[in-house]
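There are 6 protein chains.
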Amino acid sequence: MIVPVPDVKGREKILEVHGQKKALAEDVKWEVIARGTPGFSGADLENMVNEAALLAARGDAEKITMIHMEQAKDKVMMGAERRSMIITEKEKEITAYHEAGHALVAMLLPGTDPIHKVTIIPRGRALGLTQQLPVDEKHTYASSFLKNNLCILLSGRVAEELIFGEITTGSGNDIERCTQLARKMVCEWGMSEEMGPLSYGKKEEQIFLGREIAQHRDYSESTAVKIDDEVKRIVLKANEKVHQLLSENSAVLRSIAQALLERETLGLDDIKAIIGHDGKTASPAEIQAQA
Amino acid sequence: MIVPVPDVKGREKILEVHGQKKALAEDVKWEVIARGTPGFSGADLENMVNEAALLAARGDAEKITMIHMEQAKDKVMMGAERRSMIITEKEKEITAYHEAGHALVAMLLPGTDPIHKVTIIPRGRALGLTQQLPVDEKHTYASSFLKNNLCILLSGRVAEELIFGEITTGSGNDIERCTQLARKMVCEWGMSEEMGPLSYGKKEEQIFLGREIAQHRDYSESTAVKIDDEVKRIVLKANEKVHQLLSENSAVLRSIAQALLERETLGLDDIKAIIGHDGKTASPAEIQAQA
Amino acid sequence: MIVPVPDVKGREKILEVHGQKKALAEDVKWEVIARGTPGFSGADLENMVNEAALLAARGDAEKITMIHMEQAKDKVMMGAERRSMIITEKEKEITAYHEAGHALVAMLLPGTDPIHKVTIIPRGRALGLTQQLPVDEKHTYASSFLKNNLCILLSGRVAEELIFGEITTGSGNDIERCTQLARKMVCEWGMSEEMGPLSYGKKEEQIFLGREIAQHRDYSESTAVKIDDEVKRIVLKANEKVHQLLSENSAVLRSIAQALLERETLGLDDIKAIIGHDGKTASPAEIQAQA
Amino acid sequence: MIVPVPDVKGREKILEVHGQKKALAEDVKWEVIARGTPGFSGADLENMVNEAALLAARGDAEKITMIHMEQAKDKVMMGAERRSMIITEKEKEITAYHEAGHALVAMLLPGTDPIHKVTIIPRGRALGLTQQLPVDEKHTYASSFLKNNLCILLSGRVAEELIFGEITTGSGNDIERCTQLARKMVCEWGMSEEMGPLSYGKKEEQIFLGREIAQHRDYSESTAVKIDDEVKRIVLKANEKVHQLLSENSAVLRSIAQALLERETLGLDDIKAIIGHDGKTASPAEIQAQA
Amino acid sequence: MIVPVPDVKGREKILEVHGQKKALAEDVKWEVIARGTPGFSGADLENMVNEAALLAARGDAEKITMIHMEQAKDKVMMGAERRSMIITEKEKEITAYHEAGHALVAMLLPGTDPIHKVTIIPRGRALGLTQQLPVDEKHTYASSFLKNNLCILLSGRVAEELIFGEITTGSGNDIERCTQLARKMVCEWGMSEEMGPLSYGKKEEQIFLGREIAQHRDYSESTAVKIDDEVKRIVLKANEKVHQLLSENSAVLRSIAQALLERETLGLDDIKAIIGHDGKTASPAEIQAQA
Amino acid sequence: MIVPVPDVKGREKILEVHGQKKALAEDVKWEVIARGTPGFSGADLENMVNEAALLAARGDAEKITMIHMEQAKDKVMMGAERRSMIITEKEKEITAYHEAGHALVAMLLPGTDPIHKVTIIPRGRALGLTQQLPVDEKHTYASSFLKNNLCILLSGRVAEELIFGEITTGSGNDIERCTQLARKMVCEWGMSEEMGPLSYGKKEEQIFLGREIAQHRDYSESTAVKIDDEVKRIVLKANEKVHQLLSENSAVLRSIAQALLERETLGLDDIKAIIGHDGKTASPAEIQAQA
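Heads up: the protein sequence lines correspond to chains A, B, C, D, E and F, in order. With my numbering, letter number 255 in the first sequence gets 406, and the count goes up by one each step, no holes. With my numbering, letter number 177 in the second sequence gets 328, and the count goes up by one each step, no holes. With my numbering, letter number 59 in the third sequence gets 210, and the count goes up by one each step, no holes. With my numbering, letter number 251 in the fourth sequence gets 402, and the count goes up by one each step, no holes. With my numbering, letter number 183 in the fifth sequence gets 334, and the count goes up by one each step, no holes. With my numbering, letter number 201 in the sixth sequence gets 352, and the count goes up by one each step, no holes.
Don't read these hints as lab results, they were simulated from the structure. Treat each hint with caution, since some may be false.
Since the list gives no way to pick out one identical chain from another, each pair is judged satisfied if it fits inside one copy or across any two copies.
[Claimed, not checked] Here are the simulated DSS-like cross-link-like pairs (lysine-lysine), alpha carbons at most 25 Å apart as the crow flies:
id: 1; residue 1: Lys226; residue 2: Lys268
id: 2; residue 1: Lys241; residue 2: Lys377
id: 3; residue 1: Lys214; residue 2: Lys180
id: 4; residue 1: Lys335; residue 2: Lys241
id: 5; residue 1: Lys335; residue 2: Lys164
id: 6; residue 1: Lys289; residue 2: Lys164
id: 7; residue 1: Lys243; residue 2: Lys160
id: 8; residue 1: Lys377; residue 2: Lys388
id: 9; residue 1: Lys160; residue 2: Lys226
id: 10; residue 1: Lys431; residue 2: Lys241
id: 11; residue 1: Lys431; residue 2: Lys377
id: 12; residue 1: Lys243; residue 2: Lys335
id: 13; residue 1: Lys377; residue 2: Lys335
id: 14; residue 1: Lys243; residue 2: Lys388
id: 15; residue 1: Lys423; residue 2: Lys164
All chains, full assembly: derive it from the sequences and hints.
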């Protein structure tokens with residue numbers, strides 16, 4: 152399957168087009184930016200260039216610099232900052248541990264996309280955000296990669312539970328995406344040994360009633376029970392793995408959360424400095440064994 | 152998740168705009184009012200200012216005072232008073248105990264939002280009302296907070312049962328909201344250990360057939376049975392808790408109800424005076440143990 | 152819940168408005184009529200006044216009298232009389248016992264609304280009618296009141312069965328309303344201990360496909376089975392109660408039916424005279440015990 | 152429930168209106184015809200008068216006589232004769248026994264409507280027809296009457312089976328109507344002791360998708376199973392009864408069928424002559440016992 | 152039930168009308184053709200006459216002869232020949248055995264309609280065709296006749312299996328029609344003793360969503376299981392019968408297939424000559440015993 | 152069933168029409184091309200001729216040659232090449248083994264269509280492609296042929312698993328098509344002995360809501376369970392067969408994959424050269440035994 156977004160060469164060309172009549176500082180290199188924006192659509196890139204121009208104008212800068220570009224990229228990827236939003240100390244603390252959980256698990260699991268930024272400054276509709284950025288563009292995803300993604304999605308919620316002893320409504324979106332991903336592994340990609348190399352359900356995207364009116368169910372209730380069991384089994388296994396990882400690394404978890412409460416935003420190097428190594432310490436074999 | 156209503160600073164600005172051409176008494180301070188109206192939308196605030204102006208005009212007051220503002224706020228929060236409505240003594244008594252139940256449980260449970268007013272003057276479509284007002288704005292809700300809300304919703308019905316030995320149709324809306332909240336805890340926020348950190352059902356909000364045509368069910372009948380069991384278990388546990396709280400405090404319950412029958416409306420201080428302390432006496436540990 | 156019909160004061164004002172340009176006899180007192188028409192909507196009241204004017208005109212009366220008003224009220228409440236309709240002696244007899252059943256049970260059960268009239272003159276789409284008129288307006292209904300209503304609805308059918316040994320299609324509407332009421336007690340008002348203080352199903356009233364396309368079912372098949380069992384249990388208990396009441400009072404039942412066959416229409420005082428007391432003889436305790 | 156067709160007085164008036172400008176023989180008495188056309192709508196009566204005028208005109212009669220009226224009535228009740236239709240001897244024989252079965256069972260069961268005519272001349276869309284005509288208009292139906300109707304509907308099929316050892320597609324409509332009637336007895340009229348005095352399903356007649364899109368099912372699968380069992384039990388009991396009646400009276404059955412093959416159409420008197428008595432010999436007690 | 156097509160007299164008149172202005176050879180007798188075209192609609196007959204005129208014109212014949220009529224009739228009944236279609240030897244062989252199976256079973260079973268033609272020249276959308284022509288028009292069908300039809304529908308598939316050891320997608324339409332017929336026997340015509348004289352499901356033909364949106368299911372899942380079992384039992388019994396018939400007559404089956412491969416089209420007399428007798432050798436008793 | 156595409160003669164004529172005004176080299180023979188394009192629709196052929204003209208124009212060739220035709224045919228069959236797409240070495244390697252799996256299984260299984268080309272150059276929406284080209288046009292398909300197709304569809308996924316120990320999302324489309332084919336074998340073509348010669352479900356293609364809104368389910372849940380079991384059994388049997396074939400021939404699998412990584416595209420002769428024989432070595436008997 153090919154994702155309908157431009158590849159690195161395509162991005163470079165798109166950036167050149169949108170940057171043509173802009174005043175650019177010498178440090179702006181389209182090739183470099185193109186490499187750092189995998190997954191961006193043409194519209195995302197145009198947005199980013201315009202946003203950078205705006206930032207430069209606001210700052211009375213004569214030319215758009217690489218720093219403007221970086222800020223613009225963050226806005227496109229993660230939504231606008233909402234610094235004015237009033238958040239209680241308690242919620243800020245919960246958010247810090249939630250994001251620290253995402254970040255730490257993403258760091259520890261091998262084969263995951265590197266972290267771009269972690270922040271507890273509200274952005275768009277979120278109180279906090281952990282952003283990953285793939286090194287290269289993928290067209291297909293291995294089941295091990297997807298299982299790691301399940302772990303990352305669950306890690307915010309597990310961190311809350313470990314530290315505060317209870318969870319909040321804030322993880323609703325995480326577990327929704329996690330459940331959907333696990334369901335696709337079972338029903339579309341044949342990644343459950345129990346269910347075998349079959350697809351379950353029929354996508355109904357073109358119907359006039361709207362978008363995908365939900366997978367059309369073309370199987371028996373008995374099969375539905377087995378699918379539910381498999382989806383739950385896969386999510387619970389990931390959840391257990393996350394519990395173990397965060398329990399064993401709770402000191403680091405606390406350090407990241409404290410750093411977030413102090414500095415609000417952390418980059419990949421900040422996190423590496425806190426945990427004291429480059430991450431990916433959970434050995435692949437160990438992960439495999441759990442699959 | 153961010154609720155799309157203005158925060159305290161936003162509210163202050165909105166109030167300033169709508170109050171610009173109004174004749175205001177010196178005691179009217181936008182900042183104070185803004186702090187006392189969390190959860191109000193821009194339209195609510197505009198409504199409130201206009202309503203206050205109307206009340207001032209009706210009373211032939213030259214300027215809008217803080218008292219007009221307070222009355223206007225109550226109308227926006229709780230609907231217009233319907234004093235002309237004829238209600239039998241029996242129904243008035245049932246309503247008093249129903250609202251007294253809500254108020255007492257909200258007072259006793261720790262971590263709940265403080266009570267603003269309790270009344271048995273019919274307002275809007277209700278025979279009585281217990282209104283809470285949060286101290287600060289929440290963007291997420293902890294499971295313990297939600298469990299307390301279940302208790303508050305059930306407490307009117309339990310009070311009726313304790314005092315009169317039977318229930319009325321008047322709690323229909325309470326148990327509907329209580330059931331929906333418990334279902335969301337199980338299906339959207341992963342707050343049932345039995346069901347695990349998964350989401351159940353798919354929201355279908357955008358379909359042209361209307362608003363959320365009900366959660367689309369994407370799970371098996373067997374899972375549906377487990378969800379029903381969990382929702383019922385959570386509601387019954389809250390109901391049991393309320394039974395215990397009101398039974399142990401039935402003397403206070405009667406005092407509040409009597410006060411309501413005499414004075415019709417009670418504020419937070421009135422209730423504190425009746426129960427003899429500041430509330431929140433049910434220890435968190437005790438609540439936790441029941442979770 | 153507030154029923155959107157005017158209360159006694161509202162009715163008096165509405166009557167005054169519609170009566171303004173009518174020639175009224177001196178005995179017509181709006182206040183008295185207002186007190187005798189609880190549950191009437193504004194349109195009902197207008198209808199009644201116009202109908203009374205028509206009756207006066209037909210009778211070549213110069214002014215509308217209280218008698219015209221009474222007849223008009225009956226027409227609005229129970230539909231137009233259809234005296235021309237040809238009904239066999241057998242059907243007339245069955246109807247008399249059916250209505251006598253309704254009337255007697257309404258008389259015997261405590262807390263029910265008083266009877267206004269019982270008739271076997273066909274009115275509207277019905278072969279006979281038993282009309283109750285509440286003493287005061289209710290905004291909520293206690294479960295004991297609703298259980299009595301179930302009994303009244305079932306009593307026509309039970310009377311037929313007791314007297315003729317078989318039932319007819321004539322009770323179809325009664326058992327439909329009885330079933331719907333019992334279902335609401337279980338699913339909307341939490342009046343089944345088995346099902347607990349939860350609501351079952353989601354009302355879908357606003358959908359463009361028409362009015363309430365039936366409660367949307369948001370529960371499992373297993374829960375559906377329990378709901379069915381509870382609804383049936385509640386109806387059967389009421390049915391048993393009615394059997395007992397009518398069996399124990401079969402002589403009175405026969406007397407009322409005979410009176411109906413002779414006089415066609417009976418008022419509350421007629422029925423009291425037949426049964427020899429004011430009714431409500433089934434003690435509340437006895438009823439309660441069955442709940 | 153009142154059927155929206157005119158009663159005997161109404162029919163007489165309607166006939167007078169439509170007969171006003173027609174040339175009528177002296178033997179035509181509207182009152183007599185009105186009595187002989189229960190269940191006819193206003194349109195049916197108009198049809199009949201016009202049809203009689205047409206028949207008179209075709210026969211070059213100067214005036215419409217009672218005989219024209221009779222023929223016109225048959226056409227309106229049973230559809231136009233289709234004498235030209237070619238039917239094999241075998242099919243004619245099967246039809247004769249099928250209709251003889253209907254007629255004989257209708258004769259033997261007490262309380263059924265009297266037979267008007269039996270014919271094996273194809274009419275409308277049917278190869279043969281047995282027409283009953285009620286003595287007086289019913290507004291409600293007793294369960295015993297409905298059970299007899301089930302028997303009459305099944306008797307054509309049973310006759311075929313008894314005589315020819317197998318059945319044909321010709322009884323498809325009979326068993327469809329029989330099943331629907333039995334289902335209504337169980338689900339709408341509370342005539343199954345097992346299911347009790349409750350209604351099952353919700354009629355959805357006004358929905359824009361067409362007429363009654365089928366009863367909306369508002370009960371559990373478990374209740375559906377019980378309904379199916381009851382419907383089947385009721386139909387099978389009727390079927391058994393018919394088997395017994397026709398087996399015990401097979402000689403008469405053959406005589407009626409032979410008479411039909413010879414004379415094509417039989418009236419009530421012809422059938423009485425064949426069976427040697429006035430029918431209704433199956434004692435009510437016997438029928439009751441089976442209920 | 153009456154099929155809405157003209158009978159033999161009707162056909163003769165329709166043929167006369169459409170033949171009025173055509174140049175006809177003396178051998179063309181409408182009466183004869185009318186007798187040979189049962190089941191033809193008015194449109195079919197008009198088609199046939201026009202087609203014959205076209206054939207005569209193409210062949211430069213001055214008048215339409217009986218031979219043109221015969222060819223035109225075949226085209227209307229079976230679709231246009233598609234001689235140009237390229238078919239592999241293997242497919243031609245499979246088709247020959249498939250059609251031979253249909254033909255042989257139709258010959259051997261008593262009471263079936265006589266064969267008109269068997270062909271392996273592709274016609275319309277089919278690779279081959281076996282056409283039967285009823286001797287007289289039926290308005291109803293006996294269950295034994297329908298059971299034989301099930302056998303004929305299955306016989307192509309069974310022949311393939313017997314000769315080649317496996318089946319092809321080519322019988323998809325046969326088994327679809329066979330299943331539908333068996334389902335109607337069970338659900339509409341009461342021909343399953345197990346299911347009794349009841350109809351199952353409700354035809355929804357007039358709904359605007361299209362034609363019969365499928366039988367509306369008005370029964371329980373438990374009944375659905377029994378229906379499925381009966382439908383399968385009936386089809387499997389027919390299949391077994393066909394297996395036995397074709398196994399016992401495999402030499403004749405091969406002879407018919409060989410004749411088809413050589414001559415492409417066979418008439419009734421050709422087949423009689425091959426099997427050495429007039430067919431219908433499976434005694435009715437034998438068939439009955441299987442019912 | 153006839154596929155609505157032109158046969159070889161039809162294709163030749165269509166090619167002549169579209170080639171009429173094109174400048175053609177002498178080596179272009181419509182007859183040859185027609186033989187090499189089974190399954191092409193008229194639109195495909197027109198596309199191909201135009202594409203060839205374009206290629207010739209781009210290459211500044213005066214006339215369209217057979218080489219242009221070949222390239223155009225590949226583009227129409229397999230989509231446009233997307234050489235610019237950036238794919239990681241890892242994904243390229245996985246794709247090579249995936250396609251090698253498809254190719255090898257198609258080579259080894261007897262009776263399958265010959266391979267036209269195998270490529271790991273991205274085309275259209277695919278990272279790689281294995282294209283088969285039938286020797287002659289089929290109108291029906293034997294169950295053995297379909298079972299082989301199931302094997303070919305599963306072989307890419309099995310190759311990934313054997314070589315890399317895990318699977319990717321890249322086989323999602325393969326298993327969807329495989330499941331649909333197996334389901335049709337069971338439900339439409341009667342190819343499961345367990346389910347017998349019956350069709351299950353009703354195609355609803357003409358409904359205005361769109362194309363085939365999914366097979367309408369006209370069977371019980373119990374039958375649905377059996378269908379699911381059969382579909383799974385058939386797919387798992389094919390999967391097992393593929394596992395065996397690829398395990399036994401893993402050296403050849405690796406050779407083909409290596410050749411693909413080096414040469415990117417292989418033709419039938421290239422693959423024959425690699426595996427050292429003409430393929431189809433899995434004996435039919437062996438395959439049969441597994442059916």
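Looking back at the numbered hints, which does the structure fail to meet, lowest number first?
2, 5, 11, 14 and 15
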